[in-house]
Each structure stands twice: as structure tokens, then as C-alpha cells.
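Enquirer: Below, each chain spelled out in residue letters.
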Amino acid sequence: MATHPISGPKRTVRRKKLVLGVLAIASATAIGLSGCTSGGSGAAAPDPNKKITLSFWGSVPNEAKSVAIWNKAHPNIHVDLHQETGDDGSKVPAAVDAGTGPDIAQVSQHSLPDYVINKRAINIAPYIKNTKNLYTPAAWSSVQFGDAIYGVPQDSGPAGLLYRTDIFKKYGLTPPATWDDYVADAQKLHAANPSIYLGQFSPAEFGMYYQTMVQAGGSWYGISGNSWKVSVNDAGNQKVAALWQGLLDQKLLKVVQMWTPEYWKDVDSGQIASISYAAWFPQLLKQNAAKLSGKWAVAPEPTFAGSTAGGESGGAAMVVLKGTKYPKQAAEFSSWFDSNKASVDILVSQGGLFPAAKIGLQSPTLDQADPYFGGEKVFSVFKAAALISPDTAQNGPGFDKLTSDLADQFGKVASGSETFAQALDSVQASTVANLKSQGLSVK
Amino acid sequence: MTQAVPGQPLRLADRSPARRRSGRGSGAAPWVFLAPFIVLFLMFLVAPIVVAIGTSLFKVQKSGLGFDTASKTVFVGIQNYATALADPAFIAGFGRVLLFGIVQVPVMLALALIFALLLDSARTKFKRVLRLGVFLPFAIPGVVAALLWGFLYQPGVSPIVEGLKSIGISVDFLSSGSVLWSIANVSTWSYTGVNMIILFSALQTVPRELFEAARIDGAGELRTAFSIKVPLIAPALLLTALFSVIGTLQLFNEPTILKNLTTNITTEYTPNMAVFATTQANGNLNLGSAMAIILGLVTFILSVVVSSVSNRRGRNA
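Residue numbers (the numbering used here), protein chains in the order written: chain Y, 4 to 446; chain Z, 694 to 1010.
Isolated chain Z (complex conformation):
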């Protein structure tokens, strides 16, 4: 680290890269500390991706009945990718999760923002209860949450469905039109809390003097919230948006559990479910790898788009 000159305050300029370079010791130390990360990163992230890419370029070729003849593993180039992209169910899965994301992510983040602002507001009562109450669903594993909501969605056993029925309203949470939004509801319920915590933490870092100044200038709570707080935590908001987009594309637990309750969730309902069905039920690792790589690429591209929007916003601000 840089050394402060006695009697002089440490200036920001002292942290310049040039200064840091000149101050470094032997080159080995950082690598020793990084080694555990790098080894695990290579072993459990990079290597599997490389192997998956390799696998996706091959195909197990059988012949005849496949009983007595030996099967060959042959190189097929991008054929598996073409097959995956030509599968309407797989593509429909992307459309479905994108539609899901366009609706669910803004709703969830709006809720998280409102809760975070409420928690931050001096006027709100019972803050601890509110914070715990909103955050608690996140502590419940996704599978359990889906099972729990599954009960509430099922006609015959659901107090909600039966209650609405008794006052003359007939709802079907598991119909082909509504089931996607029933899944969105589970996700929103599960993840609003953690987004709220991220946004709330960001709010805590905003200097309190700004709020004081705003108050002196005559701004009310609402005005302070929307003109001071929200713009200042915009980076955190975009970060949560990024996580949410990634999570949306990888939707798996909730629809897989709810699939047991309704055939309106098909085997390849989301891209991740399609990958699972292809590799597990059908044992086609090669095609499944290609699908996983496609899903990974789409997620990566969307992440880049979201973060570049975030960066541009940051520069403009």
C-alpha cells in the first residue's frame, strides 16, 4: 500500500496506478493468495464450459436397432446448435422467459424499491418487522416456496381459490394463460426481499446531509425519495436488474415443481428445463450441451446489454 507522508493527509492521487506499481513487492504473493480461487475457478467453471463446448460439437451415432452394432462418437460441428435452434419448443421457452422477465422484473424491482424507501423513511413505523417480513421469503428454498404456492393455486385444496369461489369469483391459477404469472408471483414473493435489502443498503450509503439540505429547501418525503434517493441508488437498481434478468433466463425450480400440478407447464417450458429434459430424460448429452451453451450465450449477451446501459447511465449522470 501507499505510505502516508507524516503530517500530510493522504491524497487521492497517491492511489494512482503508477504509484501502486512502484510500491509493489515480490510478484509471487498475489498469486499465492489468488491460487485457491483460480484453481477452483478453472476446475469448476472454465473446464466444464470447455468440456461442454467440446461435447456440443459431437454426436453419438448408432445404427440399425442399435443393439449389436457399436455406436460411434462423430464430430458434427455446429449441427447440434442448428438442431437446438430449430426446435420450436426450445425457442418458445426463450420467448416465455423473456415475456416473464419483461413483466416480472420491473414489478419485483418496483416493489423492492418501494419497500426500501419505506424502510429508509424516518416516518415508517415497525421497520424491523417490515424488513424481516419482506426478507423472510428469501430464506425459504425455492423448491419449498413453489410447493407452498402450489397448494394455494390448486383448486380443491386452495383456500384462495375456494374463498373466491364462495363469493362467486372463479379463478384458475394453473390455466395455460395464467400459469406463467403464477410462477412470476412465486419468484416475486421469493426475491423481492433480497432486492429490497440491496437497495436499502445502497440508500444507507447516501450522505444524510443531502436529505437535510433537501428538507431545508422544502422538499417533502416523496420529493426527497424520487428526486434525491432514487437517482443516487440508480447503480444498485441496475445491479439488481442484472441479477434478475440472469435469474429469469435460468428459471427452473418453480416451473419444475408446479409442472407436477398442471400439464400447462410443458417439459421444455423454460430453456433450462429443456436442457434438463434433453440430457436427463432423453440422455442426449451432446444436444443438451449445445442448448446449455446457447442459454449461456444469451444470458451473457443480455448481461452485457444491461450493464452497458448501466455504464452509459452512469457516465451521463
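Okay, chain Y solo, but in the shape it has when bound:
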């Protein structure tokens, strides 16, 4: 290892990497150990006239304007915003463990259980009573674990189907109402022109799978008493697996890694006739495929037979973190931030997020006609979808490992060495093993 006395220019970069890695592990361990002994910082006795400061790490663009509104209205509870850039959200867990974390942070809803089991998030149920109805059911279900509430839902990702009007017109297709129609459309399109695909299969893009899985009534996790349930291959998952396997076997999907230059080339050149994804996707499509302006439209996500449910891939939540001295005030601010009309309007219009709060759905920004989508009010479809997404999907620990395992297995599906059903069984087994190895109870 790095103990070898010879050092040369060639590999120093990689050696440094290992040393840094070891160092990171070492320091994180030290932090972890110290984290065990500290803690137990209870809520301070509330003194309404005392001026306090809450620190808040967030990543939504222009959210400082919302914070400013709060600060003006609450002179005694000052919120200090640290605007995160890029990926520095990943430093939040380390900061919390070190006792140097903020009072509040924006966290992916999917990561919440890992925050909780690692004692980084605080149950705020006592402080935000009767706020459940402020949010869409799917968004609320992502922060609720039994009786505990571990965050305030901020945004969500209801699914819709973006499709190329020119291609649909040319080949006589109509937006599919059900997944059966979708398969029929895909067959028709592929028969007419084998180089055009109705949709894509992007093995590493778990969100596309997740939203359809949620729509089918599936859930990767569940809670049963004092145990986790892992259900990566439950009936809902199997339903999607069967649908996707059929499409893939008939070569009706373009297999391509999403977000790559190759992907946007496929989109630009019209090889992908429709993209089913979350409410935040239209913005990215506009940025990356600007020259296709006016050629896209949006339709509701196709539904499964016998159901009207929409799809949902999840969003972020405001989480009150361990170590805060003011859990009550932090929870109150989080609740205000994500559900106050003025605040949410800013987050929607200038932060670009799709709100979890019902009041946010009334934001005028979401009613604007978009020339890129042929003058259509593109968000009306997503607004409707947000209210019909199932609230049955439960998040659980080990989510990041689950999705990276899923990407690895779906890669095998893409190369034809495995079926979707086998991939799900494999991820089910590895997730159960992962939870058990941490000592968690799994049923």
C-alpha cells in the first residue's frame, strides 16, 4: 500500500486518493465515536422574548427570498441560510455526526430513514400538529413513519407523459390512456419505423422505474410492528417488471443511459417519441433539447388497468437535525417555509420546484402557458397527477444501496443476461441482507 518507500509522479494522484480515502474513513470514525458520547441536547426552555438564530442548509435556488420574508415577520427567530451548491448536501450527515451541523436541512425523502436510524433527524410530530392536510397525500406519506414525523415535505415528482406531437401525428398515434395502449402504440410505431422508439429504458435511472412502481401500488419497504418489511419484488413491482419485460423483449424501448450526450442526441434526432417522467423534467428537457421547441406536448401518465392512480418518484423534505437547541422553532419554520403561500410561490416560481403543499399547486407559475409545449399549460397535467398518486409507498433504510444494486441488476437486464423479475429478486435479497447486517429487524 502507501507504505512502500518509493514514490513517483505517476501514481501519486491515485495514492493520494487512497490516503485521502483512509483519512476520510478515519476522521468519520472519530466523528462517529464522538457523536456517540455527545448528544442528548434537549430543548432549551422557551423564552418568547429571547432572540434565537436557526441555521438552515438548503439547495433550492433563490430560497433566500423566502427566508427573508420569514425573518421580517419573526424578529425573534432569525434564520441563517447557507445556500448549498452542487453536491454539498452529502456533507450534511458528516456535519451532523460531528455536532457541527445546521438546525435544518433539505434532504431527499428517500434518504430520510437512513437519517433517522443514524440518529440525525428529529421527530417533529409534537410541533407540527394538524398540518397533514396541507400537503398532497403521497408527499405526506414520505415523511411519516408510524406516529413519528421526520420532516416537512417540500417538493414532489408526480409523473406525466411528454410526447412528440409531430411524430405522433405522422404515425397516427394518440397519447396512450393506459399502459396497454402504450404497448400498442409502441408496437405500431416500431412497426412503422424501427428506428423510432416510443420510450426508453435507462437502467441506472431508478426514478423512472420508481414512479411506475408506486403507480402500480408497489412499495420497496414497509413497517410491521417493530420490523421492516422489504418488498422489492411485491405485486406492484412484478406488475411493472412484466410490463417492461414485454416492451424490452419486443425491442420497443430505446436502451440508453440517461443524461449522457448520447441520450440527448437520441432525443434531438427524434429516436425517442415520448418520455414519461416527473414534474421537474420538462424544465431539463427545455434546456437540453432547445431546438425541439413547439414539438412537445404533455399528457397524463398512462394508467394500469382498473386503476386511476398516477405515478410519483419522490422529492425532498425539510428535516430538523439532531443537535438543534430549538426543535420547536425549527419545525415551525420548516412548516411555514413549505406551506406558506408567499414562501411556496417563491420556491415554485424562482426555485423551480414542484410543490408538495396543496396551496403551492395554486401558484400562478404553474398556470403559465409554455411555448415549448405548443402553448400548453404543461403543469396542469402534473398538478392533477400530484393529487392522484398513491400514498402507499414507504421509504426505508439502505435506499441508496438499493438503487445502486438495482442499477447494476437492470444493467444485466439491458444486456439480456437477466430478466426484470430476476433483477428484483436479487435486489430484494441484497436489501434484506443489508438491513440484517446492520442488526435491523426484517420480516
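Treat the hints loosely; a few may be bogus.
Computed cross-link-like contacts, SDA-like style, restricted to lysine to any residue with a CA-CA straight-line distance of at most 20 Å [stated by the list, open to error]: (1) Lys-268/Y <-> Ser-859/Z; (2) Lys-232/Y <-> Ala-432/Y; (3) Lys-122/Y <-> Lys-439/Y; (4) Lys-858/Z <-> Pro-197/Y; (5) Lys-439/Y <-> Lys-765/Z; (6) Lys-254/Y <-> Ser-868/Z; (7) Lys-257/Y <-> Gly-849/Z; (8) Lys-415/Y <-> Ala-785/Z; (9) Lys-268/Y <-> Val-850/Z; (10) Lys-257/Y <-> Leu-295/Y; (11) Lys-54/Y <-> Pro-78/Y; (12) Lys-294/Y <-> Ala-372/Y; (13) Lys-232/Y <-> Phe-760/Z; (14) Lys-380/Y <-> Ala-300/Y.
Quick partial rundown of chain Y residues pointing at chain Z, CB under 8 Å, derived from the structure [as the list claims (entries may be wrong)]: (15) Asp-117; (16) Val-119; (17) Phe-148; (18) Ala-151; (19) Ile-226; (20) Gln-260; (21) Thr-263; (22) Lys-268; (23) Pro-400; (24) Gly-401; (25) Ala-410; (26) Asn-437; (27) Leu-443; (28) Ser-444.
If you're looking for bench data, these hints aren't it; they were derived computationally from the structure.
Backbone N, C-alpha and C define an ideal beta-carbon position, used for all residues, glycine too.
Using the hints provided, position chain Z relative to the given structure of chain Y.
Expert: Chain Z only, in chain Y's frame:
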């Protein structure tokens, strides 16, 4: 240092350890000069390794849902090592980088040797351009190099793939069978130059008289290269081999970047990527530490093997 006796040339024997011992001054001075190194070495190399070994022997034990119950850190001995060694993906990663090394290292060193010999040859023209051209890729950070090659590998945007397609040859640089060699190509492109420089420097230290003697004996350029130059720079060649073996085992940047382009690179594609995934994505520092220690040990053992081969060769020569 030893002192030369006036009028007498300094003999090699004067540098014997015994002489040096007798000539040393106070014992503190060397330590003062060594202190910065020793302190940093202990702080940033030895201590982290010790902590990593310590961490690898423990495990964070949760219970139930893990929500309300406190988690305990318990001593588990070598359990994490057993878990790591029983993980087929982790072991497969070692197999993969070894296969990679067996093919890529000889190819890269052969190229580096050829370039070094060409640079050293009196007959080669445009030496400066050649030297700069071969060395330049090393100046490009590994991540950037991987991004750059990623473009050239991707169907749809790659002029190479599209060009070959237009003449009827269909290639996929990112398929499950070819992607390892696509990574090897990036490594070779990046690191041939610096190996060439090391070998070229070694060639510069070979006394020129030997080449003259060889020429007088009737040896041509090729004969001189393979019978005189290559044997004389064998130690440098083995040194570059050692670095390359270490670098191969620690392969991380290139596959991590190319992973964004293809799922044929899995999360635990190389041992280093497995360590990263375990500690970062899954937050398991204990298991990750054990994996890092295993990787370190394997690298250390391979380094010892390579350098002992080198020493034996050196004695036999």
C-alpha cells in the same frame, strides 16, 4: 561527511558505514530535519491506517426499526473481513483489475520502452515534439481524460464509432466485454508518457562509451537497443512495473466516470469503487475500512513480489 585527505583521491571505502558513524556529530540534528516528515507521516498515513484497522474490527449494531432504539458499536473481530471476502462482487473486482493489469501494464510499458528508445536513438527526428506529444496526456487530469474518452466511446456522438459505422464496421466500446479494455486504453493513453520519461531518464545515465563500443563492434541501432540499453535500464523498467501494478489495483477515476455512460460498469467494478460505495452510498464505515485494509494488503503483497523479483534479477545480473 567524510573528509578527503589532501592529495589523495576520495576512495569509495571512505564512505563505509563505520567511517560515517565515527564522523557523526550530535544526534539531534537529523531528527530536527526529519521531524516535519515524521510528524506528517504519522498524522496522515500511519494514524489513519491504525484508525481504519480499529474501525474495521467494530460494527454498528442497531435493533428493531432502528428508530427509537439506541445503536451500539460492538467489537466483532474479523467479521467485517469475512463479510468482505465473502462478497462475490468485491472479489470479482480484484479479478477484474488483475486481468486488467496483466494485459494493460505490459502493453503500456512496451509502448513506453519503445518511445524511450526512439527518443534515445540518434536517428530519430522531431524528438522534442515526440517527447511532448507522448507526455502531454499525463498532464491532463484522469477525470478529464475519462470524460474526453467517454465522448469518443459513446455511440451517437463519437466520431470514431460513427466513422467506423459508415464503413460498415459496428463497434461498441462500452459493451460488457469491451468496456474493461476501453478503460485500459484511457489508462495507457494517460500514463505511457510518464513511464517513457522515467525510462528515458534511465537511458540518459547509461555511459555513452558503451554505445560507441557497441557500434565499433558492429552492432546496429536495434542490436544496441535490445542487447545494451534494455538490460541496463532493467531496474527502471521494474520500477515502472511496480508503480503500474499499484495504480492498477487502485483503479477508480476512469471507471467511475465511464460508469455514467454504461451500466456495464457496476457499482463495485473495482475494489476501490467497492470501498467507496460501501462507505459513501451505504454509510458502512466499518465494512468499508475492512475492505480498504484488504485492498491495502493485496497491494502491499503484490508490491513486495514485484520488488523481490526485481532484486533477484538485480543480483543475477
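Enquirer: Run every hint past the structure and note whether it holds.
Expert: Comparing the hints with the structure gives:
no.: 1; hint: Lys-268/Y <-> Ser-859/Z; verdict: 18 Å, holds
no.: 2; hint: Lys-232/Y <-> Ala-432/Y; verdict: 12 Å, holds
no.: 3; hint: Lys-122/Y <-> Lys-439/Y; verdict: 18 Å, holds
no.: 4; hint: Lys-858/Z <-> Pro-197/Y; verdict: 18 Å, holds
no.: 5; hint: Lys-439/Y <-> Lys-765/Z; verdict: 15 Å, holds
no.: 6; hint: Lys-254/Y <-> Ser-868/Z; verdict: 18 Å, holds
no.: 7; hint: Lys-257/Y <-> Gly-849/Z; verdict: 13 Å, holds
no.: 8; hint: Lys-415/Y <-> Ala-785/Z; verdict: 16 Å, holds
no.: 9; hint: Lys-268/Y <-> Val-850/Z; verdict: 7 Å, holds
no.: 10; hint: Lys-257/Y <-> Leu-295/Y; verdict: 19 Å, holds
no.: 11; hint: Lys-54/Y <-> Pro-78/Y; verdict: 7 Å, holds
no.: 12; hint: Lys-294/Y <-> Ala-372/Y; verdict: 18 Å, holds
no.: 13; hint: Lys-232/Y <-> Phe-760/Z; verdict: 14 Å, holds
no.: 14; hint: Lys-380/Y <-> Ala-300/Y; verdict: 9 Å, holds
no.: 15; hint: Asp-117; verdict: 7 Å, holds
no.: 16; hint: Val-119; verdict: 6 Å, holds
no.: 17; hint: Phe-148; verdict: 7 Å, holds
no.: 18; hint: Ala-151; verdict: 7 Å, holds
no.: 19; hint: Ile-226; verdict: 7 Å, holds
no.: 20; hint: Gln-260; verdict: 6 Å, holds
no.: 21; hint: Thr-263; verdict: 5 Å, holds
no.: 22; hint: Lys-268; verdict: 4 Å, holds
no.: 23; hint: Pro-400; verdict: 7 Å, holds
no.: 24; hint: Gly-401; verdict: 7 Å, holds
no.: 25; hint: Ala-410; verdict: 6 Å, holds
no.: 26; hint: Asn-437; verdict: 7 Å, holds
no.: 27; hint: Leu-443; verdict: 5 Å, holds
no.: 28; hint: Ser-444; verdict: 5 Å, holds
Consistency note: the structure conflicts with none of the earlier hints.
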